[in-house]
Amino acid sequence: MAHSPTKVTRLGSKLLAGAIVVTIGATSAVAQVAQPCIGASLELAGPLAHTGLQVRLGAETAIDEINAAGGVLGQKLKFIAYDDQGEPSRAVDNGRRIGEKDNCVAMVGGFRSPNALALREPIDEMGLPWVGVISAGTRVIEWEKGVNKWMFRVSMKDRWVGPFLVDEAKARSKSGKIGLMFEATGWGQGAVPDVEAAAVAKGLPLVGKETFNIGDQDMSAQLIRMRDAGADTLIMYVVDREANQILRSMERIGYKPTIVSAWGISSQLGKTAGALTDGILVAGTFAWNGDLTPRAKKVYEAMAAKFNLQSPNDILLPSGAANAYDGIYIIAEAIKLAGAFDRDKVREAFYKVKYEGLTAKFDPAFEKAAPGAIAERHDAIKPSQYRLLAFHENVLKAVEQTPFKR
Amino acid sequence: MEQILQFVLSGLSQGGIYALVAIGYYMMWAATKAANFTHGDIFMLGAVSTVILAGLGIPLPLAMPLAILLSAAAGALIERVAVRPFNQGPSSVGWMLTTIAIGLMMESAFTATYGPLGKPLYSPLAQSPIRISGTGIYPQELLIPVVAIAIMLALEIFYQRTIVGRAMLAVAANRIAAGLMGINVNRISMIAYAMAAGIGALAGILLAPVAEASPAMGALIGLKAFVIAIVAGMSSARGVVFVALAYGVLEKMIEGFISTGARNAIGFGVMILLLLIFPNGIFGKREVVKV
Amino acid sequence: MKPHHQFWLILILGFAGLYLFRELGPTNYAIGVLTRCMILAIVAVGLNLLIGQAGLVSLGQAALYGIGAYVAAWLTLRADVPFLPAVVSGVVAAGLMGAALAYPSVRVRGVYLAVITIAFGLVFQNVLVEWVPVTGGTLGLTGIPRGEVFGVRLTRQIYFWVAAGSLAASFNIVYALTYSRYGRAMRATAQSENAASALGIDVARTRMFAFVVSASLAGLAGALYTFLNLFVNYETFTFFQSVSFLLMVIFGGIGTLLGPLVGAGILTYVPELFQDFREWQVFFYGAMLAAVMFLMPRGIVGTISKLAVWLTARPQTRDAKPWPSPAALPVTMVGGHVEGTVVAEIKRFTIRFGGLTAVNEASMSIKAGTVHGLIGPNGAGKSSLLNLMSGFYQPTSGTMQFLGAPTAGIASSHLARRGLARTFQNTELFGDMTVLENVLVGLHCQYKATLAETILRLPRFFTEERAMVGEATQLLELVGLTDYADELARNLPFGHQRRLEIARALALRPKLLLLDEPAAGLTHGEIEQLKELVQTLTAQGIAVVLVEHHVDMVMSLSHEVTVLDYGQVIASGEPAAVQYDPKVIEAYFGTGDLLVPASENERPPVVAGSA
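Those protein sequences? They're chains S, A and Y, same order as listed. Per my numbering, the first sequence runs over residues 7 to 412. Per my numbering, the second sequence runs over residues 207 to 497. Per my numbering, the third sequence runs over residues 21 to 631.
Chain S extracted, bound-state conformation (with noise of 0.2 Å):
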């Protein structure tokens, strides 16, 4: 009658059972030739889908270009983008599909920091070499806790974007009152320590701290308070749609201060706020509009032959793009030098790739701790390496190119 107790011992049997079956199928699963296929988890679909775009611009084009040259050690890689709508666990998910199901040599990953983030555990423990080619979480790469293995990434940093910005937005400022504009997202609450951090170190304290959620469209409030407070030099984390809404609540409270932005800003806030965004600067790691070296003009012709672009300016995220070209050529460049698709030799080849890319030379990618030093450096783009991007007549270009140069 009262079957919970043999329930139990039911349980314990299969759960030893279990463990059992684990452990042999464990040993024999070690050691596995991975496949010539790089994996990624982008926004394909929802509110985000065109970041995910961006990537699949530069990567895919990467991978034609490389394959059409006869591939990596004689195999043609394949590139295979799973849709995580922007959400963590979906992300995980596929990355676990990646590594585990279709056991990808290496994976590239997409725009949010949030999904960089909540992927660390799984790729440590699946050994599996990460490249993330936006998101520019500090943490993504530098982890508070245990040692960062396997992500690496070539993109920005928040770490090194905030004195960026901080000493762009210094250099331009006329009273020295510079505030900060951040969304309520991880990426925004991520880059305010570091910011807060540059601007401290720079000797001008950030005079104004004002956040916003996704999917505002009156940012009046924190206009003024950020006016009143004198700041002539906005600090920004925002991405197109909100900041056409801030652009546009500057000029309903007409406010016009000088705007130095990160990059979620893209091509396509020309399309929608006009005139309104002439000045304003992004940075970045790249621009497609302008004038381009040969080898980016053929790059940018083959993408828009294979996407049906119209003009550079359809390239929403021009540094996404291109750094997600740059990154698929250091993992292929990796491959080589590994000699196998072997994920940790791959791994250890990162360090000794030498390649001169759209968005910078790498000599080399990237570095391990010289001893007695503090930490390796995972991230490919030396914050010297980072441009300047303005908006000029609605089009976003490098600042060189613009009458916004300093």
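There could be a bad hint or two in this list.
[As the list claims (entries may be wrong)] Covered stretches of chain S, as calculated for chain Y (at least 3 residues, CB under 8 Å):
hint	stretch
1	50-59
2	99-110
3	142-155
4	221-232
5	361-367
[Claimed, not checked] Capping the alpha-carbon separation at 20 Å, the derived lysine to aspartate or glutamate pairs in EDC-like fashion look like this:
hint	chain 1	residue 1	chain 2	residue 2
6	S	Lys351	S	Glu382
7	A	Lys325	S	Glu257
8	S	Lys351	S	Glu373
9	A	Lys325	S	Glu202
10	S	Lys374	S	Asp234
11	S	Lys107	Y	Asp585
12	S	Lys262	S	Asp297
13	S	Lys358	S	Glu373
14	S	Lys342	S	Asp320
15	S	Lys215	S	Asp238
16	S	Lys107	S	Glu131
17	S	Lys183	S	Asp234
18	S	Lys151	Y	Glu43
19	S	Lys176	S	Glu202
20	S	Lys262	A	Glu362
21	Y	Lys326	Y	Asp506
22	S	Lys351	S	Asp130
23	S	Lys84	S	Glu66
24	S	Lys84	Y	Asp296
25	S	Lys107	Y	Glu548
26	S	Lys277	S	Glu399
27	S	Lys176	S	Asp238
28	Y	Lys603	Y	Glu580
29	A	Lys325	S	Asp238
30	S	Lys155	S	Asp350
31	Y	Lys367	Y	Asp585
32	A	Lys325	S	Glu399
33	S	Lys358	S	Glu382
34	S	Lys107	Y	Asp296
35	S	Lys303	S	Asp320
[What the hints assert, rightly or not] The following label-pair restraints were derived from C-beta to C-beta distances:
hint	chain 1	residue 1	chain 2	residue 2	range
36	Y	Trp151	A	Glu208	50 to 58 Å
37	A	Tyr328	S	Asn314	42 to 50 Å
38	Y	Leu293	S	Asn314	41 to 49 Å
39	A	Leu426	S	Asn73	42 to 50 Å
40	S	Gly280	A	Leu283	35 to 43 Å
The hints are simulated quantities; they were obtained by calculation from the structure and are not laboratory data. The beta carbon of each residue, even a glycine, is placed where N, CA and C say it ideally should be.
Dock chains A and Y against the given chain S, drawing on the hints supplied.
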């Protein structure tokens, strides 16, 4: 002072949008004791289809009524297909889920074709703001609460003076009795859904020039407007508009004086409290428990 | 198939399937996905109790799931709490939140309650984003270590079995509750709140209990999820996730045992397949949902089992037995009441609804073993008085003593427990429960087995359940409905429904029985049988208050009659005296010199038309 004026003006504008969407919920609720959870996406449909039509070269004065008609047709179709067959028993799960399903399909279909990003809609009233000392607002934004109140008044006249309107009131009061009186209850419900959708689409079109028209624009507004309509008591357009405008201003005040981030937590917290104090909504009629 | 057969079959086949799955040597990824599926199924199983049994819809379940997840994560990360206590804390926290969330359900129903749960979910998410020091804000909490139990590190391979065991335990809890008095009480409150509280069921507590169980299971799932994914982030606990949980239940089939498991499986695995649709995948998700709603509104399991029932159904002949059969009167009902002692004493009861005084200073004295007739024209306040007596209304003024204790401020369910039973003017049966179950709900308060005994199915549960079924069967025999025991109450002919309602009221083992127009709609023959039953009951010392338009029945049965008009007692006394009271005649026919025939065999004068 200047700040408070800004908050009130912006709040009324935001509240006007809530009001126009919430009025739709009230109309649908009155007719069928159910609602179209796709209504937020109908709001989006109005804005996005106007942008698409305008992009095809159709002049705005024609594109806007076309978009409203299209949305009204969608509303009527949703009533017929997704609400009516699932609104037979006492449970509300059926129509909630079917309409949510259609909303998902609409939103994702537009994301895939129109693109996830917002696009601007031109309006002469959203080009330069009116400035009152340090505050300012676009004429377009001022227009929104004015339209909301005008629609509310028009609806009241419609309900009192027209045959269809009176029939709607009769259906709202007692669906079965109205049917016995020879009113075609199903057709009245369908008209109510179509009108609600038209008004919702209008709200989207009014908002698009100051915000942007994007596939995701309706999700949260639809949910908020439903909460507002429920808190108002689903009993009169007047009550719904009042609560919606008040909620818009409340949100701005919270943003201005308490916390921008906690706006929704505090706002919805207030709504929950109000529902606990007024279990049938603020203006709702208390139903005497009949044993 | 009997529920307990279903239960064991699902459990055994389930574990066999899981074992087989593991024997096939799946990838870690496949193990991870199935683990997640089982964790989500825990939420679905709990939600099924809330929706399928208690009839309450929650669209905030993801938030309760999130509370479990965040509490476990926070405790592990910030306070180094080990796995088991962290999980238990997650369960408790979610359960407490569920209790708080259930509070509105006492006052707010249906869509209004759904809106409160939606709002709660949104507030929860907002708090997660804003309360950065505790929740980690939008970045969430990361770096959670794998759990350890008794020195065994819960790797994903082992964790698979932890999830399976937790799911089995949750499934067991919900099964055990569903098929016990607790589940019956939940179904009763969902189908008729009034009837449930008239049978001694505390509606608010029952609802709260259902909420707490489903919230605790959501919390359990959340805590388990934390140690599966090793991070928590606010974006997992969205409104969309709440909708998904609801979908799992609906997809599978509300109220079925297997349904939530099937639903969770489909909603976990189908999106994996949909990856190929890229930007159209949400569209297909919506389309799939719509298709199921259109084609299988009862859900997959619900539709298939309905089909199976339809295919295997054999025509049954059922006969109502002659009734009443006093021999079948349960022993618990016999004797114990001293005839003539005052059971209930009402003094100057008054109730006003706004400007209307429905009952005005009415006084009555009701004695054991007697029938007290209560008559009056339509709208005289008879039903209001009955509602006052049974605690459904609280009087504006006046008092009542029931079995020597005042009843002021006591809820109807508590009065019922003390032995005050009633029927309803429009029968309020639990239509979707069987005839036997209806009576078992009436016996709800007689149960002694504790919650733990019920869930663990300890011996007392079985002996007690058997005894109760025995008593219920006897009551059905009393009213001649034994043949219908497993028929749904709503399928009964009208006259049988009246009988069932009386049998159900008798299950309370009442001292005072209020019958509200029991003869309405009955045939002449049935009325005679009803009279016989009432006499049988009074012979056992039960006091009966009879509200009836059928005046000859009242006059022939009653020992005392009270006549109400416009809420006031206009006459009271023995039937013969009341019958010719001029005030009574005036109340029924208006003033005038209408002469009334006075023969006792003819219809009495005060016939206000039977309802």
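Hint-by-hint comparison with the structure:
A stretch counts as covered by a chain when three or more of its residues have a beta carbon under 8 Å from one of that chain; for the stretch 50-59 of chain S and chain Y the count is 4, and the coverage holds. Only residues whose beta carbon comes within less than 8 Å of a beta carbon in chain Y count, and the stretch 99-110 of chain S has 6; three or more means the coverage holds. For the stretch 142-155 of chain S, the proposed coverage by chain Y is satisfied: 6 residues have a C-beta within less than 8 Å of a C-beta in that chain, meeting the threshold of three. Interface restraint, the stretch 221-232 of chain S with chain Y: violated (0 residues with C-beta to C-beta distance below 8 Å; minimum three).
For the stretch 361-367 of chain S, the proposed coverage by chain Y is not satisfied: 0 residues have a C-beta within less than 8 Å of a C-beta in that chain, short of the threshold of three. Of the pairs offered as hints, the one joining Lys351/S and Glu382/S holds, with about 17 Å between alpha carbons and a cut-off of 20 Å not exceeded. Among the hinted pairs, Lys325/A with Glu257/S is consistent with the structure: their alpha-carbon atoms are about 19 Å apart, no more than 20 Å. In summary, the hint linking Lys351/S to Glu373/S is supported, as the alpha carbons are separated by about 15 Å, within the 20 Å threshold.
Using a Cα cut-off of 20 Å, the hinted pair Lys325/A and Glu202/S is violated, with the two alpha carbons roughly 34 Å apart. Of the supplied pair hints, the one linking Lys374/S and Asp234/S is violated, its CA atoms being roughly 48 Å apart against a limit of 20 Å. Between Lys107/S and Asp585/Y the alpha-carbon distance is near 81 Å, which puts this suggested pair outside the 20 Å criterion. Annotation: proposed proximity of Lys262/S to Asp297/S is violated, straight-line Cα distance about 30 Å (limit 20 Å).
A distance of roughly 8 Å separates the Cα atoms of Lys358/S and Glu373/S; the hinted pair therefore holds under the 20 Å criterion. Restraint check: the Cα-Cα separation between Lys342/S and Asp320/S comes to about 33 Å, which exceeds 20 Å; the hinted pair is violated. With a CA separation close to 13 Å, the supplied pair Lys215/S and Asp238/S stays within the 20 Å bound. Note on Lys107/S and Glu131/S: the hinted pairing holds, with a Cα-Cα distance of about 14 Å set against a maximum of 20 Å.
A C-alpha spacing of about 11 Å is found between Lys183/S and Asp234/S, which places the hinted pair at or below 20 Å, so the restraint holds. The suggested pairing of Lys151/S with Glu43/Y is violated, with an alpha-carbon distance near 36 Å, which exceeds 20 Å. Of the pairs offered as hints, the one joining Lys176/S and Glu202/S holds, with about 13 Å between alpha carbons and a cut-off of 20 Å not exceeded. A C-alpha spacing of about 44 Å is found between Lys262/S and Glu362/A, which places the hinted pair above 20 Å, so the restraint is violated.
Between Lys326/Y and Asp506/Y, the direct Cα distance comes to roughly 16 Å. Compliance with the 20 Å bound is thereby established for this hinted pair. Distance check on the hinted pair: Lys351/S and Asp130/S sit about 15 Å apart at the alpha-carbon level, within 20 Å; holds. As the CA atoms of Lys84/S and Glu66/S are separated by approximately 9 Å, the hinted pair is consistent with the 20 Å bound. Using a Cα cut-off of 20 Å, the hinted pair Lys84/S and Asp296/Y holds, with the two alpha carbons roughly 16 Å apart.
A threshold of 20 Å between alpha carbons decides the hint, and for Lys107/S with Glu548/Y the separation of about 76 Å lies outside it, so the pair is violated. For the hint linking Lys277/S to Glu399/S, the alpha-carbon distance of about 10 Å falls within 20 Å, and the restraint holds. Simply put, Lys176/S and Asp238/S have alpha-carbon atoms about 10 Å apart, close enough for the 20 Å limit, and the pair holds. For the given pair, Lys603/Y sits about 17 Å from Glu580/Y by alpha-carbon distance, which is consistent with the 20 Å threshold.
Using a Cα cut-off of 20 Å, the hinted pair Lys325/A and Asp238/S is violated, with the two alpha carbons roughly 29 Å apart. With a C-alpha separation of about 10 Å, the suggested pair Lys155/S and Asp350/S falls inside the 20 Å cut-off, and the hint holds. Taking the CA atoms of Lys367/Y and Asp585/Y, the gap is about 17 Å. The hint holds against a cut of 20 Å. This hinted pair checks out: Lys325/A and Glu399/S have alpha carbons roughly 18 Å apart, not beyond 20 Å.
This hinted pair checks out: Lys358/S and Glu382/S have alpha carbons roughly 13 Å apart, not beyond 20 Å. Our distance criterion of 20 Å between C-alpha atoms is met by Lys107/S and Asp296/Y, whose separation comes to about 16 Å. For a cut-off of 20 Å, the pair hint linking Lys303/S to Asp320/S stands: about 15 Å separates their Cα positions. A hinted range of 50 to 58 Å for the beta carbons of Trp151/Y and Glu208/A is inconsistent with their spacing of about 32 Å.
For the hinted restraint 42 to 50 Å between Tyr328/A and Asn314/S, the CB-CB distance of approximately 26 Å leaves it violated. Taken as a hint, the range 41 to 49 Å is violated for the pair Leu293/Y and Asn314/S, whose Cβ atoms sit roughly 28 Å apart. A hinted range of 42 to 50 Å holds for the C-beta pair Leu426/A and Asn73/S, which are about 43 Å apart. Remark: the range hint 35 to 43 Å for Gly280/S to Leu283/A is upheld by a beta-carbon distance near 37 Å.
When held up to the earlier numbered hints, the structure conflicts with 4, 5, 9, 10, 11, 12, 14, 18, 20, 25, 29, 36, 37, 38 and fits the remainder.
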